[in-house]
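Student: Residue strings, one per chain:
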Amino acid sequence: TQLLKQSPQFLSIQEGENLTVYCNSSSVFSSLQWYRQEPGEGPVLLVTVVTGGEVKKLKRLTFQFGDARKDSSLHITAAQPGDTGLYLCAGEGRGDRGSTLGRLYFGRGTQLTVWP
Amino acid sequence: KAGVTQTPRYLIKTRGQQVTLSCSPISGHRSVSWYQQTPGQGLQFLFEYFSETQRNKGNFPGRFSGRQFSNSRSEMNVSTLELGDSALYLCASSAQGGTGSGELFFGEGSRLTVL
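Protein chains in written order, with this note's numbering: chain A, 60 to 175; chain B, 1144 to 1258.
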């Protein structure tokens, strides 16, 4: 059972376009992390959001944690080819509703391709 | 500081064989987690070790096992390999001492192909 569902699964856009990736769950998480993985490498942490409603910006990337701490979104402005990669969200379990306290649950990822 | 090191990077085995993968965490990190990554299932949690004790375990059969040594290095073993075990096996280390996961630092993975 996948606690976190990411959409879309694949996204192919032109350089300069904006995009949003979604991460949804029926479970509440203590925190939510976003990672990016490039071919042949392991995932690298981009950001951690902890508070419901929290918004964090990292240059052209904007991350938002839902008010109820069940979902999150990643918005990229003016995408560049260097943004290409697999974007993964991961929620930290609270020990209820089938989640184990402290464990990270990963979504299946969104494969983003930005064409020049 | 040096990152997470996984060995071997690539390996090919046949059905029925066993395999041992190794992970050296970032110096000072005491938590090591293992994940299996496949195109169909994404990242699936195998287990987590902290100070030589298994702290969490995912829903994998008993053929998958692991251990952690006193220097925090970890190994995972898969016995009686099946074709479906072909995957990228990722190790991640964390400095988190409590129940929270903290930031995970991943290695580049060991790509296992079972023929």
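Hints are not guaranteed to be accurate.
Simulated crosslink set (DSS-like; lysine-lysine; CA at most 30 Å straight-line) [what the hints assert, rightly or not]: (1) K64(A) x K129(A); (2) K129(A) x K1200(B); (3) K115(A) x K129(A); (4) K129(A) x K118(A); (5) K1200(B) x K116(A); (6) K64(A) x K118(A).
Here are some of the chain A residues that sit facing chain B, going by a computed Cβ distance under 7 Å [what the hints assert, rightly or not]: (7) Y81; (8) P98; (9) E100; (10) L104; (11) K116; (12) T159; (13) R162; (14) G168.
Each pair of labels, with its calculated beta carbon distance range [unchecked claim]: (15) L160(A) x Q1160(B): 34 to 42 Å; (16) G1183(B) x E97(A): 30 to 38 Å; (17) S86(A) x T1157(B): 17 to 25 Å; (18) K1156(B) x Q61(A): 37 to 45 Å; (19) K116(A) x G1201(B): 14 to 22 Å; (20) L160(A) x S1229(B): 37 to 45 Å; (21) G1227(B) x P67(A): 21 to 29 Å; (22) E76(A) x Q1197(B): 44 to 52 Å; (23) Q73(A) x E1251(B): 25 to 33 Å.
Worth flagging that the hints you see were computed from the coordinates, not collected in a lab. C-beta atoms are modelled at their ideal positions from N, C-alpha and C, and glycine is treated no differently.
Student: Now tell me, hint by hint, if it's right for this structure.
Tutor: The hints, checked one at a time:
{"no.": "1", "hint": "K64(A) x K129(A)", "in the structure": "holds, 11 Å"}
{"no.": "2", "hint": "K129(A) x K1200(B)", "in the structure": "holds, 23 Å"}
{"no.": "3", "hint": "K115(A) x K129(A)", "in the structure": "holds, 16 Å"}
{"no.": "4", "hint": "K129(A) x K118(A)", "in the structure": "holds, 25 Å"}
{"no.": "5", "hint": "K1200(B) x K116(A)", "in the structure": "violated, 34 Å"}
{"no.": "6", "hint": "K64(A) x K118(A)", "in the structure": "holds, 25 Å"}
{"no.": "7", "hint": "Y81", "in the structure": "violated, 15 Å"}
{"no.": "8", "hint": "P98", "in the structure": "violated, 11 Å"}
{"no.": "9", "hint": "E100", "in the structure": "holds, 6 Å"}
{"no.": "10", "hint": "L104", "in the structure": "holds, 5 Å"}
{"no.": "11", "hint": "K116", "in the structure": "violated, 18 Å"}
{"no.": "12", "hint": "T159", "in the structure": "holds, 6 Å"}
{"no.": "13", "hint": "R162", "in the structure": "holds, 5 Å"}
{"no.": "14", "hint": "G168", "in the structure": "holds, 6 Å"}
{"no.": "15", "hint": "L160(A) x Q1160(B): 34 to 42 Å", "in the structure": "holds, 36 Å"}
{"no.": "16", "hint": "G1183(B) x E97(A): 30 to 38 Å", "in the structure": "violated, 20 Å"}
{"no.": "17", "hint": "S86(A) x T1157(B): 17 to 25 Å", "in the structure": "violated, 40 Å"}
{"no.": "18", "hint": "K1156(B) x Q61(A): 37 to 45 Å", "in the structure": "violated, 28 Å"}
{"no.": "19", "hint": "K116(A) x G1201(B): 14 to 22 Å", "in the structure": "violated, 33 Å"}
{"no.": "20", "hint": "L160(A) x S1229(B): 37 to 45 Å", "in the structure": "violated, 32 Å"}
{"no.": "21", "hint": "G1227(B) x P67(A): 21 to 29 Å", "in the structure": "holds, 26 Å"}
{"no.": "22", "hint": "E76(A) x Q1197(B): 44 to 52 Å", "in the structure": "holds, 45 Å"}
{"no.": "23", "hint": "Q73(A) x E1251(B): 25 to 33 Å", "in the structure": "holds, 30 Å"}
Checked against the numbered hints given earlier, this structure breaks hints 5, 7, 8, 11, 16, 17, 18, 19, 20; the rest are met.
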